[in-house]
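Novice: If you want the building blocks of each chain, they are given just below.
Protein chains: 2
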Amino acid sequence: PEGFTDLDRKAIDTARVLAMDAVQKVGNGHPGTAMSLAPLAYLLFQKWIKHDPSEPDWVARDRFVLSPGHTALTLYTQLYFSGYGLELDDLKALRTWGSKTPGHPEVGHTTGVETTTGPLGQGVGNAVGMAMAARRERGIWDPTSGPDEPSLFDHTIWAIASDGDLQEGISGEASSLAGTQQLGNLVVVYDDNKISIEDDTTIAFTEDVAARYEAYGWHVQHVADSEDLASLDAALAAAKAETSRPSLIVSRSIIGWPSPNKQNTGAVHGSALGDDEVAATKEVLGFDPAQTFQVADDVIAHTRQVVERGRAARAEWQPSFDAWRSANPDQAELFDRMRTRTLPEGWADALPTFDADPKGMATRKASGAVLAAIYPELPELWGGSADLAESNNTAVEGEPSFLPPSRQTKTWSGGPFGRTLHFGIREHAMGSIMNGIALHGGTRVYGGTFLTFSDYMRPAVRLAALMQLPVTYVWTHDSIGLGEDGPTHQPIEHLAALRAIIGLDVVRPADANETAVAWRTILEHNDRPAGIILSRQNLPVLDRSEFGSAEGTAKGAYVLAEASGGTPEVILMSTGSEVQIAVAAREQLEAAGTPTRVVSIPCQEWFAEQGPAYRDEVLPPTVKARVSIEAAVAMGWREFVGDAGRVVGLDHYGASASFQKLYDEFGLTAEAVVAAARESI
Amino acid sequence: PEGFTDLDRKAIDTARVLAMDAVQKVGNGHPGTAMSLAPLAYLLFQKWIKHDPSEPDWVARDRFVLSPGHTALTLYTQLYFSGYGLELDDLKALRTWGSKTPGHPEVGHTTGVETTTGPLGQGVGNAVGMAMAARRERGIWDPTSGPDEPSLFDHTIWAIASDGDLQEGISGEASSLAGTQQLGNLVVVYDDNKISIEDDTTIAFTEDVAARYEAYGWHVQHVADSEDLASLDAALAAAKAETSRPSLIVSRSIIGWPSPNKQNTGAVHGSALGDDEVAATKEVLGFDPAQTFQVADDVIAHTRQVVERGRAARAEWQPSFDAWRSANPDQAELFDRMRTRTLPEGWADALPTFDADPKGMATRKASGAVLAAIYPELPELWGGSADLAESNNTAVEGEPSFLPPSRQTKTWSGGPFGRTLHFGIREHAMGSIMNGIALHGGTRVYGGTFLTFSDYMRPAVRLAALMQLPVTYVWTHDSIGLGEDGPTHQPIEHLAALRAIIGLDVVRPADANETAVAWRTILEHNDRPAGIILSRQNLPVLDRSEFGSAEGTAKGAYVLAEASGGTPEVILMSTGSEVQIAVAAREQLEAAGTPTRVVSIPCQEWFAEQGPAYRDEVLPPTVKARVSIEAAVAMGWREFVGDAGRVVGLDHYGASASFQKLYDEFGLTAEAVVAAARESI
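If you read the sequences in order, they're chains A and B.
Taking the numbering used here, I'd label the letters of the first sequence as residues 307 to 987.
Taking the numbering used here, I'd label the letters of the second sequence as residues 307 to 987.
Extracted from the complex, chain A is given alone in its bound form:
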């Protein structure tokens, strides 16, 4: 590339040496790909990525996603070279307790890392999400620039994907959607090394990846040799210049190059090379085999010039930003709010309340009404569904879809800056794209599907929790209450399985008003994901003059109905659609002279955050007679009901019939709760 000298080549080889040395020192890790990706990574960080290491949060920076997180050294070495604060000692501390260089890159842990990767395929979804978020954010802040005009917020999402990433279905889902969305701001380089852990990928991966991406509508280029910097550079230039489609560059590399004995083998993927091979490779590269972590002063001085170039680029950009700020005070205010994920004053006043109604309303419908009410207040809020808009009640009427103009249909109009997302039948990519959207900036995104299909997106949900990203899952049709679709569609174990995920709030409101408070509380948190779990079937809207206030939802659990006399002999606790059964059981018990309290527990995680005083107030430790009822597996409820309690739930799969029939046949009835209460007393 123009301006590149022998010093650049030496820096690239230094990156290879550091990768070998770091893995050799700790005794485990993944050296091979870090060696062969060194030229590409160097070229990206030194030339193509628009970034300022002295301001890693610069809004207009390009983003870089390393989907094969196992080659973390690829990234760490460039962060060290580029002056992000990583130093040689950090590389020496690779994969050890407390280091800045964990086994896989972790966002929030190491400056310059944009997303946590490792589970393969996720990075591709994240990158697609970032590219979508970049378009939407730009449309929010800079609506006067037309879609085809440049904007000061424009930037590029660069990603590297490995053989493993492209075998995982999630990357195919996300890439297909990227094609539909014509994401011209996305460039993915496929590191085509034809080696994975089981060695030569011929045993399992023989497809024509380039042709597949062409079929998705991507712009596809080939680089025959990843050591050929000029070709790589030209391909990156062409990819960036292509703004009407996402770009894939298929770059053929030799894993572990130039290790004389281990290049192009599965062995070099996930194991240290061994002292002899490290030495032999250093000799090939002209490094002193007797030294480790050898970085020439001129190399690091040269590579650190990124900082100055970055500062200059940002300084050049700053006036346009300042001018934009002055000219667009409303957008600037929104911009500032979004940068800190702060909600506007008084936004919650727009939340609807719902009148008592015994016939009731499905909580999914209430959720739709809540979204419609708060959309005008929160421009940062957007979302959609995995092809279930009407079922999940996720699309707000009259809002434009987020679509290239040519992708509009008679049902959905919109534009490139639209607000309603259409993920297609791709729950896993939806989850990963939502993560990318949240990582990219301050919008608040939600995505819907049936609760059963939370399983399809579970790896992405876990990563959202691990990364503490404020995304919201709208999971409807939340139990056997969905009825006729039968056992494949009826969640039984999902509530427990989701509650098991650390850092995820699982919120299952009992009626329309709990739904409103649930949404408010979810949005008030900006440091974690939440799933709002909603019914297909109508649920009575409880009369809050008779029952406890739905405000209790925000505390995770609250006394919905107090025992007569104020001192319960038994506590019935429940969530969502089964709360009405607890209420009915209470009536029977009270009629028979048993003082009975009903506790609604819409969110165990929020309840756990309350102090012990409140928790003991709601569930007094002296009351040992307790019954939980939830149309789901019992797992987790013993913690609440104790040794003397009873759990009314399901220990089998569902069936295809009307929901009323299923509740009766499966014994999820007031009578069963009453019987369990009598046993417990």
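To be clear, the hints were calculated from the coordinates, so they are not data collected in a lab.
There may be inaccurate statements among the hints.
[Stated by the list, open to error] Residues from chain B shown here face chain A by an in silico Cβ test under 10 angstroms; the list is partial:
hint	residue
1	W364
2	A366
3	T402
4	T422
5	H525
6	M644
7	L694
[To be verified] Straight line, CA to CA, 25 angstroms or less: simulated DSS-like cross-link-like pairs of lysine-lysine:
hint	chain 1	residue 1	chain 2	residue 2
8	B	K967	B	K671
9	A	K398	B	K967
10	A	K406	A	K356
11	A	K671	A	K316
12	B	K353	A	K967
13	B	K861	B	K967
14	A	K930	B	K930
15	A	K861	A	K967
16	A	K665	A	K356
17	B	K967	A	K406
18	A	K331	B	K967
19	A	K353	A	K546
20	B	K665	B	K967
21	A	K967	B	K398
22	B	K500	A	K716
23	B	K716	B	K665
24	B	K356	B	K316
25	A	K353	A	K316
26	B	K930	B	K861
27	A	K331	A	K316
28	B	K353	B	K665
29	B	K316	B	K331
30	B	K331	B	K356
31	A	K500	B	K716
32	A	K967	B	K406
[What the hints assert, rightly or not] Listed below are several chain B residues computed to face chain A (Cβ distance under 7 angstroms; list not exhaustive):
hint	residue
33	T508
34	I509
35	V526
36	R610
37	Y762
38	T794
39	I807
40	F946
These figures come from a predicted structure and were not determined experimentally.
Beta carbons are placed, not taken as given, at the ideal position from N, Cα and C, and that holds for glycine.
Keeping the supplied structure of chain A fixed, place chain B upon it in accordance with the hints.
Specialist: Okay, now just chain B, sitting in the frame of chain A:
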């Protein structure tokens, strides 16, 4: 097609009318696709599928997979037409309690249904698995026929896939592998109707599916109009004739055709048409709008001829089978054993036992040794991994890979009838393919990945449990014990989340000998899936002259170390790699004069199946002081430790460091267990 008459066209239209009427009667369901798929489904069941409805379990029958399970009526109507035992009353009972016609097809529930579908994409994976199993089974039973020669066991796997199926990543994963495997016995018809729930798929699905499948190495054909029976017929013929590659037929259809007002809309996908539109459509088709479930006698008499044709086909085949039986007594014995999933006498004698060894052995390594030992005894056992053969210890040395000859590599040799599976980095497809393999016949298949990535395959695991398929997941690297790879790779919530799945045995052995008994017990069950959860790190091989016998593993829980004096003051319970911590804690407690029992609980599900007498013997109800220790979330353990007990676990994600460091830093130590025991006493 040759021989087809107006009566066939009338039968096809009758199928459309039945679909409309059945949905209209129950008030919900999916009529549209059943209407437009009627010609294809009829052609398949009447002409192309080799089957005998009077012997639905005929080993040489073709298999049919309806991946879009929501269009269950497509299948139910053809089963009714073909004489599988479904009658008009069953269609009238669609989606009601106890009917043979649930909302989605359920294998084992309705005769003629080969797999449970509904969660999209799974059927494609199932079909790929069936095609692989067909090849392997044929290789086991009929090894003297060369790969390119016909065999009496040959047959074809036919599948229908929808837009939704092909958007889901799992279908892409499975289809890519099908290309690598050159599955010439697989024909998938893609019902290209360009409509999903959010209507026109242009908003989310614009890729060139045919080109994508060509990129996978499939044989791809187009049918421009799904009502054109002759074209469909010719395409099916060409697809069947193509035996060196899997075939995709892209068949363009109009959903809901010929409904005058609702065809080609999202509305007709998942809702009843309404009385008026049903009437209007009947008029178009020449049916009496005043009648429902109208089936002309000549139509049903005509379609039921399938039974006679099927009987004749089977009768024609039978002599070749009988001849094969006589000529191959050993294979015939194996055949009979596999048909009933019966294990051979004495097979378990081959299981290894492991000598006591404080330094120990990783249970994943013990698992590999077990597999190597029993492979000669159980030809029906085969398996592989999602590109982690060496890590999961799933590949038995010297065994041939299941690969087309051209896909062999320097690391893996084999052939089309080989035994070691290479799934690629595709956990989800692996799960779905394993289901297809188990559905197809009596082989016993296992598949490995890291426990964390059980999340990637979870929807398929759930379906295995729902279908009660005896597949085995080898999930290794089962905790923070995997060490340096860090939090993305360290399972924390997975044990709880998997135990929440009804019908799945979750087995986590504590040492090498528990591993052997675990494998034996898993294989002795033929009515359910199991996950065997294995350590990366070495675990002491316990000295069974000192500790309880590893045979206790088969009961799910057993007394590993009795309290001194025989009456425990406290019980420590644990699983897997943490059992050694419980043992160490017991030593400290006993030294301090506290009689302490250690209970190993490798499988909660097996323990639950024991009678109360045994359960109370292991965990005497009188002993309230109890501590559990597991390197995982606490969820589920309260059930075992009770109100007075303590749970030592993790309530946060892991980190990147050596496993010893992590156990210490996270307080998973004997000291912590001792302290918890003192609190509990």
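Novice: Give a verdict on every hint.
Specialist: Tested hints:
no., hint, result
1, W364, "violated, 27 angstroms"
2, A366, "violated, 29 angstroms"
3, T402, "holds, 6 angstroms"
4, T422, "holds, 6 angstroms"
5, H525, "violated, 14 angstroms"
6, M644, "violated, 26 angstroms"
7, L694, "holds, 6 angstroms"
8, K967(B) <-> K671(B), "holds, 23 angstroms"
9, K398(A) <-> K967(B), "holds, 18 angstroms"
10, K406(A) <-> K356(A), "holds, 23 angstroms"
11, K671(A) <-> K316(A), "violated, 62 angstroms"
12, K353(B) <-> K967(A), "violated, 40 angstroms"
13, K861(B) <-> K967(B), "violated, 33 angstroms"
14, K930(A) <-> K930(B), "holds, 16 angstroms"
15, K861(A) <-> K967(A), "violated, 33 angstroms"
16, K665(A) <-> K356(A), "violated, 57 angstroms"
17, K967(B) <-> K406(A), "holds, 16 angstroms"
18, K331(A) <-> K967(B), "holds, 17 angstroms"
19, K353(A) <-> K546(A), "holds, 12 angstroms"
20, K665(B) <-> K967(B), "holds, 18 angstroms"
21, K967(A) <-> K398(B), "holds, 18 angstroms"
22, K500(B) <-> K716(A), "holds, 13 angstroms"
23, K716(B) <-> K665(B), "violated, 34 angstroms"
24, K356(B) <-> K316(B), "holds, 23 angstroms"
25, K353(A) <-> K316(A), "holds, 16 angstroms"
26, K930(B) <-> K861(B), "holds, 22 angstroms"
27, K331(A) <-> K316(A), "holds, 22 angstroms"
28, K353(B) <-> K665(B), "violated, 64 angstroms"
29, K316(B) <-> K331(B), "holds, 22 angstroms"
30, K331(B) <-> K356(B), "violated, 33 angstroms"
31, K500(A) <-> K716(B), "holds, 13 angstroms"
32, K967(A) <-> K406(B), "holds, 16 angstroms"
33, T508, "holds, 5 angstroms"
34, I509, "holds, 4 angstroms"
35, V526, "violated, 11 angstroms"
36, R610, "violated, 26 angstroms"
37, Y762, "holds, 5 angstroms"
38, T794, "holds, 3 angstroms"
39, I807, "holds, 5 angstroms"
40, F946, "violated, 9 angstroms"
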